[in-house]
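Residue numbers (my numbering): 13 to 305.
If you're looking for bench data, these hints aren't it; they were derived computationally from the structure.
All values reported here derive from a predicted model rather than from experimental measurement.
Certain hints may be false.
Stated by the list, open to error - In silico DSS-like cross-links for lysine-lysine, where the CA-CA straight-line distance does not exceed 30 Å:
1. LYS141 - LYS192
2. LYS141 - LYS229
3. LYS229 - LYS192
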Amino acid sequence: MKLVTYLDGRPRVGAVLDSGVVDLSGRFGSMLELIEGGEEALREARALAAGSGPAARLDEVRLLAPIPQPRRNVFCMGWNYRTHFEEGLGRREGQGEELPEYPAFFDKPTTTVIGPHDDIPFDPNFSEKIDYEAELAVVIGRAGRSIPAGEAMEHVFGYTVANDITARDVQRRHGGQWLKGKGMDGSCPLGPWIVTADEIPDVQNLSIQCHVNGVQKQNSNTRFMVFPVARLIQELSLAMTLLPGDILLTGTPEGVGYARTPPEFLRPGDEVTASVGGIGEISNRVVEENLTR
13 MKLVTYLDGR PRVGAVLDSG VVDLSGRFGS MLELIEGGEE ALREARALAA
63 GSGPAARLDE VRLLAPIPQP RRNVFCMGWN YRTHFEEGLG RREGQGEELP
113 EYPAFFDKPT TTVIGPHDDI PFDPNFSEKI DYEAELAVVI GRAGRSIPAG
163 EAMEHVFGYT VANDITARDV QRRHGGQWLK GKGMDGSCPL GPWIVTADEI
213 PDVQNLSIQC HVNGVQKQNS NTRFMVFPVA RLIQELSLAM TLLPGDILLT
263 GTPEGVGYAR TPPEFLRPGD EVTASVGGIG EISNRVVEEN LTR
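Please work from the sequences and hints to get the whole structure.
In structure tokens, the structure reads:
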């Protein structure tokens, strides 16, 4: 099932059936409420969707991020595709010249999250080296701590598409940690929906692509992850409880702008499309906006 948060007077939870959206907001006040309800809530959502007609056509509503206001920062994974790690060798100014033995986690603040078609802000006073990173995002459905890899997929609610927009110059200048470079408001487009885990039988065999103004920049597959999804959940949850609704970005493949010759960074007017096979695509325009005054 595809689950959305859409705007119709107020944010509403819905299910996408064919080209329509079934309103589930009479039962679920938010996507987080649905996720927290577990399997019972999901069964109820399916029954409601099957027994109700669409409230609107999908192309008539504004889709928000599936979880517009996450309860916690978005968890992220760096260097999870070997080819992406290798394309940056000699370009990272001394940061990470050997592939890590363990996942390299960081996070993006909740204020980075925007919808699947919202504008990505560009403020040259903050950064002129804004880059794209198409990624598969995992949504946690069941709480757990120190989750074994063999049980990790039981904790997954579903999947969505993300673009880890990054200010590369800012990323480099803060002591080797990435919070500022990854934390710009509006730098985490998510969507267009959450596809429930039962619809994705093999998460480690999904195409992942990024296009800028219609030109393909990234083209890979999740089978090339260094650390598969189950291992990421195992490592992230070690001694740290994951909660329903937590979002984990799983890394980006090769083809990012800073590693190209010459480097290619996003500019106002650019249209960036990130897609993951079996899940969907998000497309966002870069728009100049004042973030520093």
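Verification of the supplied hints:
1. LYS141 - LYS192: Between LYS141 and LYS192 the Cα gap is close to 13 Å, so the pair holds against 30 Å.
2. LYS141 - LYS229: Since the Cα atoms of LYS141 and LYS229 sit roughly 16 Å apart, the hinted pair holds (cutoff 30 Å).
3. LYS229 - LYS192: holds, 25 Å
Consistency note: the structure conflicts with none of the earlier hints.
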